[in-house]
Structures are given as structure tokens and as C-alpha cells.
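Participant: Residues per chain are reported as follows:
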Amino acid sequence: MNDKERTTKEILTEKSSARERTPLYNPAALLILRKEFAGWMQSAVREKDRKAWLKTPRTVLGSDIPREMLYTPLSHPDFDYREELGNSGQEPFTRGIHANMYRGREFTMRQLTGFGSPEDTNERIKFMLDHGATGLNILFDIPTIQMYDSDDPLSQGQVGMSGVCIDSVDDMDLLFQDIRLDEITASIVTHYPSNTAILFPMYLALAEERGIPWEKLRGSVQNDTSLEELIRSGAEFIAPRDCFRIQCDNIAFIRKNVPQWNFITLNGYNLREFGTSGVTEMAVAVANGIATLAEMVRRGYDVDSVADRLSFFWSPASDFFEEVARLRAVRRLWYKIMKHRFQAKNPRSMWMRCHVQTSGASLVQQEPLNNVIRAAYHALSAVLGGAQSLHVDSYDEAYSVPTEEAALLSLRTQQILQEETGIIDVVDPLGGSYYIETLTSDIEKRILDEVDEIERAGGYVSAIESGLLHRKISAYFYNQQQEIEKGDIKIVAYNQYKSESAPPPINVFRYPGGVEERQREKLARLRQSRDNERVGVALTELRDACKKGINILPHSVACARVRCTEGELFKVFKEAFGLWKPPALW
Amino acid sequence: MAKKIKVLLAKLGLDVHNRGIITVAKELGDAGMEIVYIGNSLPREIVQTAIQENVDVIGVSSLGGAHLTLGKPLIDVARQEELTDSVAFVIGGVFPPDDAVRLKEIGFDAVFTPGATRDEIVHAIQGLVEKKTH
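Protein chains in written order, with this note's numbering: chain A, 30 to 615; chain B, 7 to 140.
The hints are simulated quantities; they were obtained by calculation from the structure and are not laboratory data. Please note: incorrect hints may appear among the correct ones.
[Said to hold, decoys possible] Mimicking DSS-like on lysine-lysine, the simulated pairs with C-alpha atoms at most 25 Å apart in a straight line are: (1) K515/A with K32/B; (2) K474/A with K515/A; (3) K610/A with K12/B; (4) K501/A with K32/B; (5) K32/B with K519/A; (6) K84/A with K374/A; (7) K610/A with K78/B.
In this text the structure is predicted, and so the values were computed from the model without any measurement.
All chains should be built: construct the whole structure from the sequences, respecting the hints.
Facilitator: Following this line, the structure appears as C-alpha cells:
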């Protein structure tokens, strides 16, 4: 059987049984430990604890993995340092992708920013950069994410909310006013493949107009099919296969033309926040990564020419050690997949590089200042797990987008971790812990099992089309809600230790007024002043590219240049691909 | 046997977050109510569907900030159609504290914020339907 017919798990299992082992513990010592452990169990451990030796932490977005009361070498007796860990920067990269990790490069402090008009967000970006933020992270408003123009009837009442509104390259220009595109790294949180194919070309057209070569641009887009087809609630969808094709078109175009740009962020974050376990979060993102690379190889690309720019995006929730172990586990698993499933040669292709954002769904409205503590623990687990960049959610995001004060506190949370705690001076400080290593191996196995489930159901795209993943996730979050309501999952000041007194007033962010009207006026002027004949031609050529199966990006860049609007491009996609009805979630 | 309570559920506008309303849809279904879920919709569409389906309750969800800018038009359209006396209007989602009060003033019969339990939602809806139909 060739590799195409075998699942990733089958390939990895075969490779793992063929390798030479160098177990760390000597068998004679293990024999003695085992005997003494049995004695300790009888003499020192109470019967109640013996019976409940395995306990499953009940946490928000947890994975229900049972834990021992005490971890010892016996928990993971064949522990093999060379095979399972290696040194940092060495295969299998469990301990980190760089030998010196944060001594060499500190984690990037990349706080999300976006609200109101492009001008409003531009001001906030400058505020964050002035206070030491080291990267940009731009979030769009709901109509922009959903690909409707600000003057579309569907956008009414929502323009500039939850993010910044962008209709055309002119708005992109205002958003990046006074910011040198060749001097920053910009994470442009486009979410979907479809809006990546619309919004990123506007960024490219802007660079062109400012005389900055695309080769000099650095940053990332999301470009993730799960976000568009699995997690999103929306009015109109194109089919998963068309969406996945656009995802790969984006990759091919950006790879060739914007060489320093990260063209896909395999997004586990929003999936987990939607409501699923840390294991499923990683399994779905890894399955997408596998499907994407397989498609790029099918299109004739050498796997190393694509894989070195893949990155991941994770949500760390509240089960602290599980979160640390998860990052280490998926780093090792991704290495194995690249090495054995794809036979990558370049070590960089085997790196699971990731951005991490503290869990927003874990924040609660009751006593919102407690969220500062929650986010700080999430951030700590991400750094101990070896993340490349970090966003810390603000405590008031349980109500709205953060105020300037709360956004600054989030940045300070990161700076305190980086400058005051000393945790960045030693690489993978929890490595070697009996508990962490056992949990890391357990989680790696569980992720691979769920990847296998997806592959056996026909692969990543089929598992979305059929509703398999929709059903799995909705079952998880429904069940979790019942557990929270029963108090099985405890949340302080929410279902435990509830405060009787009235909550103190909270200063909540208010969206700036008049944004929708101003965007409407801007769009009316744009539609008048641009060359509408060229707009028509550009849109027709885009439609043809969609239908012919050739890469659509050169055509969407052409659309951006002549100032087509976002909604006009989405309309072309809908016409060319037709609409798809996602599976019901309940 | 009492008539089954019929509930229309919708996401208000283009809001992308639907975990909450899907959870509520399942919970109300489990409590024996009939659910019509129409996904992302604008106020006029919600009211028109509610009339066609002859529902007892309209429940909308908003987590993206548009609870007032779309919630108000929803109640306004419902008033024009003379629906507010016979149909209960409930809204759930993430709002600043003052806005939760404001939503009641606008005319929502019940406002649910994160932390509302299944029992609270089910009992509130049963009570409202009782009140509106008698």
C-alpha cells in the first residue's frame, strides 16, 4: 500500500515501531520502584485515595483526561529522552523549535486591535506601539469578516463593531496611516480563505501604491477553512471544497509573490472557543494542515517549499498543566507528520510555530477583574509551553471590546511575564516532569486518534461537508454547558462563591458614533470617482478565474487595485461557486 | 395537554457567534418547546417569519455589539405589526451592563446575559407566554 492509501496514524505507527529505542530508566531500578510503589500504595495511601487514584479535572474547555494522584517514573516507564524530547531546537522539537528559545527571541507581544473606522483603529495601533507592543494584530468588524460592504442592508447597525471596517484599499490606507509597512510585522486577522483572498490583496495594492516591494512585507493572514465553514454563523456560505481551494490558491500566490509572509494560520483557537476540547482543537487544525500540504503537493509543489511558512494558532484554557503539555505534544506530533508522512527535508518545515491567545470564552462577566488572573494563568501556560507570540485577552472583553486601559493592562501582563518572572531564561522548564511528560505523550496520542477519525471519514474537507465535525463540536459544548449549570465544572463568582452584593460599575468600551454613516458616504464617493468600467472588467476576470479553476489571487489583486469593494468580490464568489447550506448544529 | 410553546430563534444581523443560541435551541427543545431556528436574519425578516410561523416567542442572540442598533428596529417593526402584545420578545448575548437595562426599556420582555441557566430561561419563557396569551 502506498502512503496515499494509509492514514497518518498508520504511517506514524509503523515508523515508531521501526525506530531504535534508548529508554532512560534501567529495568532493575524500575523493578524495585514498582515493588516499593505497591507497598507505599498499601501503607501510605488511604483507601479512599487509592480507589479514586485517577481523577479527571473538570475545567472549562477541558479534555476529560484522567490524572493520577502522583506521577512517578512508573507512569511512563519507557521514557526515552532522545526519542521523545531531544534538546531544544533538535528533533522532535518537543522542548521548543529553537535551541535558545526566549533567550534568542522573546515572545512577540501581539495584541489584537480593531474597532470603529480605520482612523479610530489607526490611533489605537499607534498607542499600543508607543507602549511597547512588538507586533500588530488587526481585527475586522463583523460585516467585513462576513464580506459585506458597510452600505449593504445586511451590515446595518453593525459597522465598526467588534473590529475595524474595511471596504476598499482606501480604508486599508487609512488603517495603516503613518505606519511603515516594511518596518512592522502585521497579523491581518482575515479569518476565512474567502476574505483573505479579498482583504490581503488590498494590503498588497496599498504596498504597491506606497512603493514598497512585496518581498519586504512580513506578517500573517489566517486563511482557514474551519473558520469559514465549521465555526461561523453566517447568512451565506460557499461550499467547503471551493473554500478549501481558495485557501490553497491564497497559499500558492503568497508563497510565490510575498515570500516572507505567513500565508496560513491553522486556526485551532476559534474552534476551541466555539466550544470544544483542547484535543479536538488541535486534531482539526492538524488535519487541515495535512490536507493542505497534500493538496499543495498534488498541485506540484515541493513540500518544503510550502511547509516552512505554516503556522498555528491555539487557545490555552484553564487546565494549566494540560495546556503546557498540549503545546509540547502537538509540536512533537507535527514534527513526526512532516518527517514521516511528508518526508520533509528542511527542519524548518517540521516546526510547529504558533501564536497563542488566552481563552476568551473562559472570561466571565461576574466580578470581571477576576479575568485578569485567568488570562495571566493562560498566558503563563503558553510561555511555559513555548509559544512564539501571544495575545492576552482583556478582563472587560466579557462585555465588549477592551477599553484602552484594559488593553494596556493585557500588554503589561505579558511584559511582567517577560521582564519580571525570570521564566524566559530557561528553555522548557517543565520538561522532564513525570507528570508533564506522561500527559504530553497521552495528549499526543489522543490528537493523533482524532486526526485518524477525520481521515477515516474521508479527510478534513469531507468531515466538514458531512457535518461530522459540526455534530461533534455542538455535542461537546452542549454537554459542557450542562456541566457548568450543574456546578460540576466550577467557575468562581459564576457558579461558585457567588457575590451577594451588587457588582461595582465597570467602565465598558463604547463604539465611536457615526462610523456607519461615514463609511456609507465614503463608499458613495468611491463608487462615483473610480473607473467603473475597469471595475467591471476586473470582476468579470475574477469570475472567470473562479470558474476555470485557475488561481484567483492575481485577479483579486487586480480588483483591489481598481478599487473594487469587498462586497463586490464576495458577490462574484457566490455567483461563481453557488451557495452551500451548512449542516444543522442541533 | 397544554399547547406546545413555539419559539422562533435567530441570530441578529451578521453576528458570527452561534454557540449560545444553539445551546438554547437544544435546551428549549428538550423542555418540550417547538423551535424554528432561522440563523442570521435582519429585524424585518425575523418579524415576517414569526407571523408566518405563528410563534409565541421570538428569541434573538447578539454577541457582536449590535444588540441596540438591531434590537431597537426589531421591536419597532414588531410594534408596527402589532405583535408585541401577543408574542414574547427575549434577547440573549453579551452586553455592557447599562445596555441590559436599556434593552428592557426598549421593549424586550426578558434579557439573558452569560450565566443564565437553562431553568431560568425555560421558566421565564413559560411565564411570559402564560402572561401574553391570557
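Participant: Now look at each hint and say whether the structure bears it out.
Facilitator: Each hint, compared with the structure:
no.	hint	result
1	K515/A with K32/B	holds, 17 Å
2	K474/A with K515/A	violated, 30 Å
3	K610/A with K12/B	holds, 24 Å
4	K501/A with K32/B	holds, 15 Å
5	K32/B with K519/A	holds, 22 Å
6	K84/A with K374/A	violated, 42 Å
7	K610/A with K78/B	violated, 29 Å
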